[in-house]
Amino acid sequence: MFTISSTDGHLTAVAGSPFHSNGYYPVSFGFLYNIFTGSESWLGVVNKGADPNQRDTEPNVSAFKVSSAGIPTLVSQATVKLTSGTSPSQLMTAMGSIAKQEFWAFLDQYQTAGSSLAEVYSYQV
Amino acid sequence: MNFASDPTNPPTLGMAFNPVYRVMYAGLPSLNEVAVFTYDATKGSVTFNDAVANTGTGVGWLAVGPPGTGHYLLQLGARLRNHHGLQDNHQRHQVEPVAALHAVRPRLLGREILRSTRPVPTSTVSITFTPHSTF
Numbered sequence: 000m001f002t003i004s005s006t007d008g009h010l011t012a013v014a015g016s017p018f019h020s021n022g023y024y025p026v027s028f029g030f031l032y033n034i035f036t037g038s039e040s041w042l043g044v045v046n047k048g049a050d051p052n053q054r055d056t057e058p059n060v061s062a063f064k065v066s067s068a069g070i071p072t073l074v075s076q077a078t079v080k081l082t083s084g085t086s087p088s089q090l091m092t093a094m095g096s097i098a099k100q101e102f103w104a105f106l107d108q109y110q111t112a113g114s115s116l117a118e119v120y121s122y123q124v
Numbered sequence: 000m001n002f003a004s005d006p007t008n009p010p011t012l013g014m015a016f017n018p019v020y021r022v023m024y025a026g027l028p029s030l031n032e033v034a035v036f037t038y039d040a041t042k043g044s045v046t047f048n049d050a051v052a053n054t055g056t057g058v059g060w061l062a063v064g065p066p067g068t069g070h071y072l073l074q075l076g077a078r079l080r081n082h083h084g085l086q087d088n089h090q091r092h093q094v095e096p097v098a099a100l101h102a103v104r105p106r107l108l109g110r111e112i113l114r115s116t117r118p119v120p121t122s123t124v125s126i127t128f129t130p131h132s133t134f
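Chains as they are written, first to last, in numbering that gives the first Met the number 0: chain F, 0 to 124; chain Y, 0 to 134.
If you're looking for bench data, these hints aren't it; they were derived computationally from the structure. Because the structure is a prediction, the values reported are computed rather than measured. Check the hints yourself; a few may be wrong.
Listed next, the in silico DSBU-like pairs over lysine-lysine satisfying Cα-Cα at most 30 Å (straight line) [stated by the list, open to error]:
1) Y:K42 - F:K64
2) F:K99 - F:K64
3) Y:K42 - F:K99
With the Cβ distance kept under 7 Å, some of the chain Y side facing chain F (calculated, not the full set) [stated by the list, open to error]:
4) P10
5) T11
6) L12
7) M14
8) N17
9) P18
10) A40
11) G43
12) V45
13) T46
14) A50
Think of the CB as a built atom: it goes at the ideal place given N, C-alpha and C, for glycine as much as any other residue.
Generate coordinates for the entire structure from the input sequences, incorporating the hints supplied.
Right under this line is the structure:
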């Protein structure tokens, strides 16, 4: 996690960075800015759990609250466990009405041969 | 998504939003197509709209140009060797510029083959535009 300089764009690592992603082989993340009270943002991380020549593990999507200082805190009860071998690859976020708390995360998932789990999934944040 | 050529849900790899419309694209590497979805921002529902064929191989990892530039959709194609991710057996990547002037019916403009004088890493997984809409 880095802060971005507003003058020249250079990056400075946040104290404590890097942070554990709550899984193995994180490959993508989605961000929803300031959706929580207290100016906290939402960060969703895709832990793919698979990588060439590595041992496969169970993938998941892990959710964090991110403070205005850029410090992520895991929301452990919000972790979405995924089926082993399905190779999720990307997370994107969208929002409708902020007042109505219409926050969405879209996840695409590759497949294990013979499964029917490959698809684009939609989650409400 | 079910297709006659792939009765199970085909693999999806890489997504991108249209910068103007509530439309998103996903690579279908096993079919060499780009899937086009609409989504409802009030419900979060996603609706498959169309799949656009092209000459790419292992279509995945998409990037869309900024508004006002023709909404170019780029896809990074590579051969797939196993379920772990992208593996490029030919040590080259194909970049397919696709026009998305019509949000739900992109049209193939052409293809550029990215070459390198050195072996290309086998796990290239992302592509993006520069601010000048080149790549």
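Given a cut of 7 Å on the nearest C-beta pair, is the interface hint for Y:A40 held or broken against chain F?
At 4 Å from the nearest chain F Cβ, Y:A40 passes the 7 Å test, so the hint holds.
Quick one, is the Y:V45 hint okay against chain F at 7 Å, beta carbons?
holds, 5 Å
Hint check, Y:N17 versus chain F [nearest Cβ-Cβ separation less than 7 Å]
violated, 11 Å
Interface hint compliance - Y:M14 to chain F, C-beta minimum distance less than 7 Å
holds, 5 Å
Please check whether Y:T11 passes as an interface residue: C-beta within 7 Å of a C-beta belonging to chain F.
holds, 4 Å
Have a go at the Y:P18 hint: is there a Cβ in chain F nearer than 7 Å to its own Cβ?
violated, 12 Å
Quick one, are F:K99 and F:K64 close enough, alpha carbons at most 30 Å?
Satisfied, since the Cα-Cα distance of roughly 19 Å is no more than 30 Å.
Hint validation: Y:T46 versus chain F, beta carbon distance must be below 7 Å. Holds or violated?
Result: violated, 10 Å to nearest chain F Cβ.
Satisfaction of hint between F:K64 and Y:K42, Cα-Cα up to 30 Å:
holds, 23 Å
When the least beta-carbon distance from Y:G43 to chain F is tested against 7 Å, hint result
holds, 4 Å
Would you check whether Y:L12 satisfies its interface hint, that is, whether its CB is within less than 7 Å of any CB in chain F?
holds, 6 Å
Against chain F, run the beta carbon of Y:A50 and see if the smallest gap drops under 7 Å.
With Cβ-Cβ at 12 Å, over 7 Å, it is violated.
Hint compliance for this structure: hints 8, 9, 13, 14 are broken, all remaining hints hold.
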